[in-house]
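Protein chains in written order, with my numbering: chain A, 1 to 270; chain B, 271 to 636; chain C, 637 to 904; chain D, 905 to 1196; chain E, 1197 to 1543.
No lab work stands behind these hints, which were simulated from the structure alone. Be aware that a few hints might be false.
Claimed, not checked - The list that follows gives simulated cross-link-like pairs (lysine-lysine, DSSO-like), each with its CA atoms no further than 30 Å apart:
no.: 1; chain 1: C; residue 1: Lys-835; chain 2: A; residue 2: Lys-254
no.: 2; chain 1: B; residue 1: Lys-275; chain 2: B; residue 2: Lys-580
no.: 3; chain 1: C; residue 1: Lys-835; chain 2: A; residue 2: Lys-165
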Amino acid sequence: MSESILGISNIEVVYGHTVQVLRGLSLEVPRGGIVALLGSNGAGKSTTLKAVSNLLSLENGELSAGRIEFDGKPTAGTAPHQLVRAGLCHVMEGRRVFEDLSVEENLVAATYARTGREQATRKDFNLVYEYFPRLHERRRALAGYLSGGEQQMLAIGRALLARPKLMLLDEPSLGLSPVLVEDIFSIIARINREQGVAMLLVEQNANVALALADYGYIMESGRVVIDGSPEKLLGDDDVREFYLGMAGAGGEMKSYREVKHYKRRKRWLS
Amino acid sequence: LAEEKNDIVIGGSMPLTGPFAFAGIQFNRGLRDYMEWLNEQGGIEGRKVRYVAEDTGYEPDQSVAVFRRITSRENVSFYFGDSTAFHQTINRELDRRDIMMTGASFASELNDTERYPLQFMHGPDYSEQVAILLRHIAEEDPGARVAFIYSDTEFGRDPISAGRETAEELGLEVAARIVTPPGAADISSAALELRRARPDYAIFHGYILAPIPDFIRRARQMGMETRFMGTYYSMDQSIIDEMGEAADGFMGVMPYRYFYEEDAGESELMRAIHERNDEYQTIYYIQAWVAGSMMAQIARETLARGEPLKGSRMRASMEGLDEVDTGGVIGVPVRFRGNSLPVGRIYRADVEAGRMVPVSDWIDLD
Amino acid sequence: MSVLELEGISLGFGGVQALSGVDLAVEEGTITAVIGPNGAGKTSLFNVISGFYRPQQGRVLLEGRNLTRLRPPRRASLGLGRTFQNIALFRGMTVLDNVKLGAHVRMRTGVFSAMWYLGAARREEARVREEIEREVFDFLEIDHIRRHPVAALPYGLQKRVELARALAMRPKILMLDEPVAGMNREEKEDMARFILDVKEEWGITVLMVEHDMGMVMDISDRVHVLNFGQVIASGEPAVVQKNPGVIQAYLGSGDVNSLRERLMGESA
Amino acid sequence: MDWLFFIEVSLAGIGAGSLYALTAIAFVLIYKATRVINLAIGEMLMVGAYLFFALGAGWSLSWWLAIPMALVGGGLLGMLLERGVIRPMLGENPISVFMVTIGLGSILVGTVELIWTSAPRSLPGFMPDEAIFIGEAFIAPNTFWGFVIAAVVIALFLLLFRFWRGGVALRATASDQGAAWAMGINVPAVYSLAWGLAGMIAAGSGILLGAMSGVSPEMAMFGLTVLVVVIVGGLDSVFGALLAGLLIGWMESVVGVYLGGEYEHLVTFILLMLVLLVRPWGLFGSHEIERL
Amino acid sequence: MRIGSAKESYIADEALFATRTQWVWFALLLASLVLFPFVSNLYWLYLACLVSINVISATGLNILTGFTGQVSLGHAAFMGVGAYTVAWLDNNAQTPFYLNLLAAAGVTTAVGLVAGLPSLRVKGLYLAIATIAASFILQFVFINWESVTRGTRGINIEPPEIMGIVLDNPDTFYWMVVPIMVVMVLLAANLFRTRVGRAFIAIRDRDISASVLGISLPAYKLMSFAIASFYAGIAGGLYAYFMGSINPESFPLLMSIFFLAAIIVGGMGTILGGILGAIFMTLTPEVLRYGVDLASPFIDEPGAVLSPVRTIVFGALIVGFLLFEPHGLAEIWRRIRRFFHLWPFRT
Ligand SMILES: Nc1ncnc2c1ncn2[C@@H]1O[C@H](COP(=O)(O)OP(=O)(O)OP(=O)(O)O)[C@@H](O)[C@H]1O
Ligand SMILES: Nc1ncnc2c1ncn2[C@@H]1O[C@H](COP(=O)(O)OP(=O)(O)OP(=O)(O)O)[C@@H](O)[C@H]1O
Ligand SMILES: [Mg+2]
Ligand SMILES: [Mg+2]
């Protein structure tokens, strides 16, 4: 049994036979660990996750080179639903709840992830409701009418019901209130600890992500530009300025009111 | 090529495909064979006859396109059309180009010498067909109750109002008029309506096959004794083959002799047809021969008068004909009244014998 | 003076009471933020203001004029501009056409003159085009992409185009629904600068919903907090930030370090 | 008023309506799982009838062999269409997919005409021929048996959607295929299954319809009324399809008899307009969610 | 990318034909339209007239469906309204032909407005089906309003007359229909340079956000229906004159599908698409006819496969274009142009 649950080496992804988005990206997620993947908009974070869960084909994308291994086995040629059933669960960007199913039905749909394994029971549902009491209140409501935060809870709740070994989380804090961000992340941390689920976490909220993760990667235009332990990343000037909003090496938080009109270039872009 | 220039050209918009193909293919073969035969006989006044036709799929706009295409390449004297809509649409163009036309449509609308001076029918129009049927009924069973069952199409509606008037004149009672929507799937309720009306006779018009068998079968199931009748296009032998038992006793009007008729020998055209064919030929095939022979006759008459083969001249010579030569396919002497030949005979399907047998004399609506 | 006033707005969907008796006033020339937990009714409030939802009770007043009975297009033409929580650009069009659409309410060309494209119609198109180029594109630094189809643009630029479209309306009040959601710090800084400039250089009042507290606290002049469809606090950012109710319902610890410890604790 | 006659007409209408309902369920199945408005449903029905014709009359197989084979053929056709044309259109806007099905319909009609020409044919008989009376009211045997068969199949589907977890899978797939796939639902299989089943049901309705009134390419027009049925009933509601099917069948029958056959379609389409104006999502359909 | 076309003013940048080359092309096109009758036979002129009528109609449908996103399956029925208006006026009120044509457009616009009312309630596919219903109801009127339409018997129309010249043949008709077609197309092209056209596209792309931007959905949807019906009315009127006789079966549902197919194949939401699509779809049967002629030595009774093959090709074109070239011929045309633009420097 290998150390890491997910290994990505040197992958390249092309959309529509023309746009190359990933250019030789490599990363690794250890069993039971949390790895953060940061990067600016359009860097290819979501693409990376889709490449792992084999959902690229839905968007006319193609893995043109490289190798991805999940749980010691290459994922190439395995259909997304089979990967899920093997324990790899992708919580997609933008929540993607089934809008015209009720909350409860959304969870029922997620039980398909356990096809071929031990079936979900009422207890599993209750566990989800325990993590997210709000969902229990609204379990009969159509998911399409939930607020953003509620939908995000539902998306994570579904993943939880799938009992994965590895969760790919794509911007779980998007559009959530600060307190919910804290809640969601503590729940993620709890899930990680209590269920031993490994996580690959894509986040814009670098502060929180690095607070949670054991290891971090930062990517720009399709490749990893810097990686290391959270401490190392938090100490990097560029990361501090461009991801954490701290002024220079000093470490003071910049105010949005005093944003300079000229910009320093990122070191790794030159 | 110089020779080709002298040919008499007969054009055709033929429904070789589409819902009317069963007849169109036969028209096409019939006309082709007839022209071949005619040329073997030496053509018309020494001139060869050439037949040029293309498929239309029974779509009027395609028929028009085919007409345009053929007439732009050939010097056409006669034309064979495939649908009422086409006959109407192309009428103006006929006048302009001075072409004479006949075809598959027996629409009453076309039986108007003012509006359609260059068109003629080689049989009775639909109203006349219904009138022939009613005449027969009135003779057999005076005062009988008659129902009309027709499809809600141009074809189906054609003879209905005239048919009602004729029925009244003949002292028949119109017990019901039952309309079926085009392409109707289920006729259950229409059949119930028919049962309620309890007519002695029911005349179908505007159908080829479906839903006639269904109606008859249900009428049997409901224990009705209505006698069913059809008009020309539902009277081919094939109705017996398709309907089997249920067809027994089905009657209808037919202006031409069937291929297997015993006295076929009397008729020159029937003899020619038999020479060329061993197997049964449909009435549409025979119809095409009749159409062809009438065109030939009109052309011959016109040329004999020393006039060019122009529509208006041919019309004059057509009207001049005292008696139309149908090569004996129509069993009595006929002549044009308006644009049509209002003659026909009633046949009945005899399933045991496997053929249509005549049950009346030739009826001339005069 | 308040440009926009909401009086006793109540809105329910079947069983859900999204807003109940919301009173809120937006002062001219300010940046006013509305914050609140998810599902508190912020977007619904925007939708009520722009007329997409009809409240069961209450009035919306723009410069003292009652909008309650007006349909969305009419409200837009009176000066309500907005961007959406989920980007709502016209994906089949170029950036330029999207932005021109913003100016729709300021234009007069009717069908007939449009089809002949003579005189007035032609002049109007040219005038609007020029204004957009001069004022909007230049300001938002998107002139280089004016011919690009919007669907192909990166997220951050799309957000900017949406802002451009709203600005082309020359609204009296600009409503921004989570303008920096999904952006990294760097991009947020750009957007914050644009929003400040809109207020300062264009003199447009801004009403915004945002979950990024750093930004809300830094740039807004006033903050209203919504919870369960009710305003639970209003005031200067610094004051609101200290309101225990708000902290409990919305802000949380707000401190990265304590969160980090908490998370460490959870995952230890 | 002649009540017996009215009852007979109503029964005949309900019998015809059961066929609408059956075909409508094929349609609803596809819609529920794939969000595709399948305008080729009438053509699929026609192909099913022709398959039965070819096997039963052409190869002269006996009907209990020919019918299952035609059903399987219809199912395969459904799966083929899905695999070949619908699946590549995944994620395109619904209007494009809808038009693709119009194109498919045209291809199917053309193919049938190419193989069997467009001459009308009659099917080998396979239903009992004795007249059936309910009380004094007469029902034509094939209407009656058609109704029974349709009713059984419909009941089966109602149960299936109520008690089977797969129902949720179908709807989840329809709602968001990407997410459904990522949730462990075998989306391609759901698609194939839905289209295959629908093809089978359509073929079945085709055979029943053909047994009543013969087969011809014109049968495809039946699909238009089915479209009305599903819209009236609500695109995603099996129960709605059932009720609307019976309602429209009954209405056409009564209108045809009391007003005249030319009014049948008119009344159907006027009903459609009314329903669209009053309840655009149909009598039992679910409301589309629209938020800003 | 184009080298050396820096615009001097925004007016120039907004022009329909921005560059000199484009003007030259347009002039060449007009010239060839003028020369065409002198080099072709009557049959080709007949097709040219038919194509022109179809271009007008397809352009109308494109405005509604391609640009505004309101799928209509009733376009042929609207043409029918135009055609019957012309026919009735021609038979009952000896008004001159251009008045009849304008009246046809007017009446059709009114009918289109009513038929467009459901669009205020429903959209997308529901609307498409509502338009099927509208088309059936119109069909019913054509059949049963006998005093005006002569029912199923159909109605004849005398050829139009301009300044004493009777346009009863394609070679004369051409000179009337082609200029009308060119003007109608240019009008449509202009529309999409202005706020009205943009509003249509906005409604297609995202109607609710369009409304929040100040576009009144009911007004613009109805306007789009009205314009499309106006085009259908003109096309239908011309069709009636051109054919000389119409009946209720002249405007079947299949014809509406034909126009829909034309704009799909041509390219939805581009003016060029409507034109190319109408030309392509009208001429495809002709090409097939030649194809079948060529194949005749290899199959017996080649004539008998033509119509099913046409049906199949018709469907296959719809499916094929939607699958492989969803932006239609217009996109192919753009690619070709781009290729030659940069040729020999390919990118
Ligand atoms: N279906 C697609 N077709 C073509 N290009 C695409 C597609 N999806 C994404 N891209 C492009 O790939 C690049 C990377 O996209 P991706 O969604 O992976 O970025 P990301 O890092 O997740 O950004 P964000 O922070 O905005 O979520 C972007 O430039 C985007 O435009
Ligand atoms: N069209 C609708 N139908 C039914 N319920 C709705 C509708 N729109 C919103 N809601 C409900 O109203 C409440 C408020 O939603 P709203 O979108 O306004 O929240 P929000 O404050 O914008 O939240 P977020 O910060 O997550 O965007 C939610 O509970 C939501 O489910
Ligand atoms: Mg992403
Ligand atoms: Mg919101």
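Results for each hint:
At most 30 Å may separate the alpha-carbon atoms for a hinted pair to count; Lys-835/C and Lys-254/A meet this at roughly 21 Å. A threshold of 30 Å between alpha carbons decides the hint, and for Lys-275/B with Lys-580/B the separation of about 16 Å falls inside it, so the pair holds. A distance of roughly 49 Å separates the Cα atoms of Lys-835/C and Lys-165/A; the hinted pair therefore is violated under the 30 Å criterion.
The structure shown violates just one earlier hint, number 3.
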